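Here the protein sequences come in this chain order: A and B.
The end of the first sequence is residue 574 by the numbering used here, with every number in the run present.
The end of the second sequence is residue 344 by the numbering used here, with every number in the run present.
Since the hints were derived computationally from the structure, they do not count as laboratory data.
There's no promise every hint is true.
A few chain B positions that, by computed beta-carbon distances, are all more than 10 Å from chain A [said to hold, decoys possible]: (1) Arg128; (2) Ala207; (3) Arg297; (4) Asp329.
Computed footprint of chain B on chain A, listed as stretches where at least three residues anywhere in the stretch have a Cβ under 8 Å from a Cβ of chain B [claimed, not checked]: (5) 348-360; (6) 442-455; (7) 539-550.
Given the structure is predicted, the values throughout are model-derived calculations rather than measurements.
All residues carry an ideal CB built from backbone N, CA and C; glycine is no exception.
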Amino acid sequence: MLRISLALFFAAIFAASARAQETILSPAPEAGTEGVITPAIPGVPKTFLPDFGIAGDFAYQRSSLPKSDPRYTQALQQPGIRDGQLVAFSPIDPYTNAQFTIDLPQNGVANIEEAWLYFHKLPGGVDVRVGRFLPQFGLLDTTNTFQLSMFNRPSAIGDYIGSDGMDASGLEVNFFIPNPWDLNLKADFNAVQGDVLGGATRNGGLAFLGTLDYSSDFLTNGSIEAGASAAQGPSPFGLSETLANPYIQVQYAPSQRHVWTWSAEGMFAERQGMGDQNFRKSFYTFLDYNWALRYHAGFLVDVVNLPGSLPGVTYPGQYPDAYNSPLPAPGYGTQVNLAPNLTWFVSDNTRLRLQYTHTTPNGVEKANDTTAFQVTFSLGNLKQLN
Amino acid sequence: MNIKNLTRTFPLLAALLAAGPAAAAGGKLRVLATTDYLGSLTQTIGGDKVKVDYLSPAGFDADNYSPRPQDLFKIHRAKLFIMVGLSLEDWARDLVNAANNPGLIKAEVYHGIKLLDVPKGSVDFSFGDIHPHGNPHFQLDPEDGRVMARNIKTALAYADPANKDYYAANLADFERRLTAAEARWKELMAPYKGWAFTPYHEDMDYFAQAFQLSIPKPPNTIEEKPGFVPSPRRIEEVINQGKTAGVKLIVTEPYYDVSIGRAVANGEKLPFLVVSLYDIGLDPKQTDYISMEDSIVTRFAQAFAGHGD
């Protein structure tokens, strides 16, 4: 009965979406309308001329960690290119777009970060993406680290899905959820394999991600976006992991020169098969004030559960940090990162940032203070800066 | 929620979803515009046959608008999307691509406008935030208001041919009222024919042309390059060049740094005017396109007469 009801439910969504869409696919302008009416589905020129973008950041940070601390990373203490990307985007036919992104880290091998096809005019109001891409998960996952409103992805998120977020190959389906109340609801589903929950690559299994998102006008010029993402898939050591990620973002803009944005995400993780040390929870909240169009002041509070300490037991492996620790005797408990930052958009294409992060002590892990300076650039419209 | 409740809930939810969003518009044509003045013109021409919304709020500079999550849904639901064009709304491109609305009719209202400031040769980022196909800030020229209204009527008639006569009648009424108002404005501004003023940004050229005012070059605008805050050196340069050129008024908009315009005005000992090009619905005196233009022209005349802000 449940299966029949589910089938009816999704059939209704499909039917409602199909009816809500116009059957006209490509109206040709009538005489007298030339120049005013532009084609609904743009033609694709015969000459291949993709949109190109180049984006990335230079970073320099100093921390108070001694060199003997396992968390100390020499490479990060010197200025250098933290991330660089070359992006190419083009429609390949009136119904399909394609994007190709090469990631160029300073230390490491160039790799293909994205290579996908996006079918954006399928019947029923459904969009499908196939290939390698940044799957939607929470507020931040489709955003590259250098595009973020803070220097690093908050540990509350990064410790579970990687400091650069998820990057995986597979299939994405998303659609607007039609409803008679005009609620702004969108659903997104992914079946992917790759650097998702840390174990999929090793075990060859698929991870499944889903997001339900709601957005709305808020007061006069503001907006509110809330939703939840969930993921389930293989994790290291042959186990499986489930993540739940509720989120909310509220923006209030009394004028264009004064914009307040507050966001918060929680992460609840359970790794099956680890006994009573398997449940983790983390949380971050970030408040940003944008004034005079170009300047931002932000404050991040990032609260992370750290691995439990089963005496004498260490967990090998590198990822994710929420379940592994580089220390022989892992810390236990909660660690907090407090990070104010100042950002100056020199232009829409370049951005300077100064961020200070204080990390509280936790067990054997000493407190840490880090100052980071970041220069971000993005030429073209493909990787816009937040 | 147990399984029994779920199996009871899904069919009901399916039925509710099947109602679809079309009924919410009450049978009216759903039109989305990018700016407040486009929305106002569309409402004037469309009357009670259209349900109009717009993206960049009143009081916001459409050049620097950052789309919000709910804007995607507005484009998804619209039948007709009215834009200025000329790269004023580059931010709308990704929204339209992601909106999954294959039946969306897009219209750009710049067709038929005699464009100013069309760059010669190639442009790149070193020019600043330049519009590579021409200046899109033509809304303050009444003749261009007429052209926009005609293009909007064309778009409405294309999207809703059953009501094209109704739209044509509303257009004729609007043009009649605009012509009467334009005569009033020209009379108000006649004493200031040839007078020079310096705007903050390059968005007053069409207004100057319409009322035979002058924007001397140099200094042209307070900004040295479009979209970039002028340096102290540039401010001093504008003051000196303005004195040489005989500028009589400094004009800025509230979404730029008003203190910079005030500093230039004080340096040149000139009246100073703060006026927004997007205030319909925000300023109680601006309820539609004609009252918007009326308010701006009146304030210009008062400012030239020495009664600035």
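* **Violated hints - listed by number, lowest first** => 1, 5, 7
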